[in-house]
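Starting from the known structure of chain A, arrange chain B on it as the hints suggest.
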Amino acid sequence: MSDTRHRCPSALAFERYLLGELDGTARARFEEEIEACPDCAAALEELRADDAAFALRPAPAALRSFWTGEPPARGVPWLRVATAVAALAAAAVLVLALLPPRGEGEEAGGEVPAIGERGAAGTTRIMGDEATGGAEAAGPAGLALGFYLLDASGRPVLGGPGQVLREGDLIQFWYGGGAPGSAVLVGIDGRREVTRYFPVGGAPSSLPAAAGRLLDSAVQLDDARGAERFFLCVAPGLEADRVEAAAREVASSVADPALVERLPLDCEQATVWIVKE
Amino acid sequence: MAATTNWNEASILTPWASPGDALSAEGGLVTDDRMEIESIYRKYGAMVLRRCRSILGHDADADDAAQEVFIRAFRGLAGFRRQASPATWLYRIATNICLNRLRDARNRQRLDREALPEAEPDRPVENWPRDLALRILGEFDGRIRETVMYVVVEGMTADEAAEVMGCSNSLVRKRLATFRERAPRKAARLLGGIR
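Which chain is which? The protein sequence lines are A and B, in order.
First residue of the first sequence: 21, per the numbering used here; consecutive thereafter.
First residue of the second sequence: 775, per the numbering used here; consecutive thereafter.
Chain A stretches covered by chain B per the calculated footprint, using a threshold of three residues with CB under 8 Å from any CB of chain B: (1) 34–42; (2) 75–84.
Partial pick of chain A residues on the chain B-facing surface, computed with a CB cut under 8 Å: (3) Ser30; (4) Ala31; (5) Asp70; (6) Asp71; (7) Trp87; (8) Gly162; (9) Gly180.
Below 20 Å or equal to it, Euclidean Cα-Cα: the simulated EDC-like pairs (lysine to aspartate or glutamate) are: (10) Lys817/B / Asp71/A; (11) Lys817/B / Asp43/A; (12) Lys817/B / Glu65/A.
Derived from the structure by calculation, the hints contain no laboratory data.
Please read these numbers as outputs of a predicted model, since none were measured by experiment.
In this text, a Cβ means the ideal position worked out from N, Cα and C, and glycines have one as well.
Chain A extracted, bound-state conformation (with noise of 0.2 Å):
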C-alpha cells in the first residue's frame, strides 16, 4: 500500500515557488499541496508578508556600496592614484619596518605618502595610514581583514580571496572592526612556512577598533609558490607565539592549510588568501 500521508513541501521548495523557479508540472503540484494544507497555506502567506517587509528595508550599508560604488561613510576613502613604485628587491619575503606610532596630539587625515614613499624608519606603505579616515574606536564590530596591491600600471587596487599574486610583488593590509586589543597577523604559505606579519618584532602592537585602517608597512612577497592564508587574531594581552603555534600546528597537521578559515585560538579573527604563481 502506498503511503498517502501529506508530506510539506521543503521550505527550499516555498522559496522557489515565490521566486517563480518551479516549472509548470512542479509548480502546480506545488499548488495543489498547498490547498491540501491548512498549515502551508498560511506558512506562504507568511512569507509573502515576510518579502513585503523586506522590501520595505533599506539594504546594509555594506552591500549597498557594492551597487552604488560609494563606500560606507565610515569606510576607506577611494584610492588615491599614485605617482611611483619604488623599487623593493628581495628574495624571501620582506616585512619592512613599521612606522613610528603616531602621537596622540597628532591629527588624522594628514598628507598620503606617495606609493613607495620611504618614511623617516625606511618603511615603504603603498597607501598612508591616513587614508583611512573614521579610524576612530567603532564599537564592537565583526573583524575584516584585506589587502590592496599594485596594478600594472601602479596604481593601488583592492585584492580579493584568491588573488592570483607573483613574487616581489607589494601587498599592504587593511582591516576593520572588531574590538581593540592585541593584534598579530600571520600567514602560512605554499611551503607550509609561518611567517608573521604584524607586528614586527617586539612587543605585540595594539589595534584601535576601526572602521578602516592600514597596516603600516607593505610586504613584498616572496617565492614560495602556491596558497598563502593569512590570519588577523586580535584579543587583549593576545602573544604573538601563541598565534604563530597555532599557526605552525595547523600547518603541519592539515591537509590544506590553505582551506582552514580559523586558527584554533579563542580571539577575535579574520582571514584572506592569495595564491601565488
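For chain B alone, kept in the frame of chain A given last:
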C-alpha cells in the same frame, strides 16, 4: 574573508573585487555588474535572510550571515549567472555559512548557555529535537553537515536533498548512514559534557 561576528555596516570598507573582474578606476565593479548585483539582492534578499534566521535564530547573527552570503555571491558573479536555480545556489551558500557559524566557538558557547534540548541520544536521529541535531552537526564535516541539515533537520527526502546538492541519492544515504552511526556517541558525549 571570514568575519565571524556582528558584521555591521562599518566593517565592510569597500566592495571586494574578484580576480579577473573588470574594475573601474576606483577599483570597484563596472556599472552593468552593479545593476545586476542590486537586482540580485532585491530579489533574493528576503529568502537569504529567512534562511539564515531559520538556522541561527539570532537576528544580529542572521543579518551578519546574510551579508556574507551576498558578498560571496557578488564576488562570484560569474558563478551566479551559470546557475539554473539561483535560489538553490544561494540557499546552499547560506546553509553552509550558517552551519560554519554555528560551529564557531563563540556561537557554541552561546548555544551552550541557552536552554538545553531534552534529548535521548538513543532515539532515532530523525526524531531528535532540532536544537540537538544542529548542535551535533558541528561535529561533522561539511558534506555530512549539509546533508543532515536538509534531511534530518528540515525533513527533505533523500531525492530532494540530492537534487539540491547536485549529487546522487545513494551518496545522500551514505552520508546519513555515517551520521546515524556516529551521532549518538557524539550526542552522549556532548550532553554528558554539558550537564
